[in-house]
Amino acid sequence: MKEYKLLINGEWTDSSTNETFENINQATLEKLATFQVASEADVNRAVEPARNALKEWSETPPLVMTREKADIGHDRFEAALKKAVS
Numbered sequence: 001m002k003e004y005k006l007l008i009n010g011e012w013t014d015s016s017t018n019e020t021f022e023n024i025n026q027a028t029l030e031k032l033a034t035f036q037v038a039s040e041a042d043v044n045r046a047v048e049p050a051r052n053a054l055k056e057w058s059e060t061p062p063l064v065m066t067r068e069k070a071d072i073g074h075d076r077f078e079a080a081l082k083k084a085v086s
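This note's numbering puts the sequence shown at residues 1 to 86.
Treat each hint with caution, since some may be false.
[What the hints assert, rightly or not] Label pairs and their in silico Cβ distance ranges:
(1) Arg51 <-> Leu81: 32 to 40 Å
(2) Leu81 <-> Ala41: 39 to 47 Å
(3) Leu32 <-> Thr66: 32 to 40 Å
(4) Arg76 <-> Glu3: 23 to 31 Å
(5) Lys2 <-> Val43: 19 to 27 Å
(6) Val37 <-> Trp57: 22 to 30 Å
No wet-lab data here; the hints were simulated from the structure. This structure is a prediction, so every number in the text was calculated from the model and none was measured. Where a beta carbon is used, it is the ideal one built from N, C-alpha and C, also for glycine.
Go ahead and model the full structure; you've got the sequences and the hints to work with.
Quick look at the structure:
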C-alpha cells in the first residue's frame, strides 16, 4: 500500500506528528493508501513558501504563463504519444 508524505515547498517530507490515516474504499473496504497527518507546525511550514509562490505567480505576465502551460501540454502529449506507439 502506498504511503503519501506531505508536499511542502515542492518536496515530499515527513509529518512532524508521525501519525497516519488510511484511505479506505467504502464499497470494498480495500485499503487504498496511507496519508501522513499534518500538524499545525507542518501547515505553517507550508504556508510561507506557498505565499511566496503566489506572489511570484501573480507577477508573471500572462504570455509567459501561457507559453509555460503550452510547453507542459506539449511535453505530456509527446510522452503519451510515445507510450501509445511503443
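Now the hints, each set against the structure:
no.	hint	verdict
1	Arg51 <-> Leu81: 32 to 40 Å	38 Å, holds
2	Leu81 <-> Ala41: 39 to 47 Å	44 Å, holds
3	Leu32 <-> Thr66: 32 to 40 Å	36 Å, holds
4	Arg76 <-> Glu3: 23 to 31 Å	26 Å, holds
5	Lys2 <-> Val43: 19 to 27 Å	23 Å, holds
6	Val37 <-> Trp57: 22 to 30 Å	28 Å, holds
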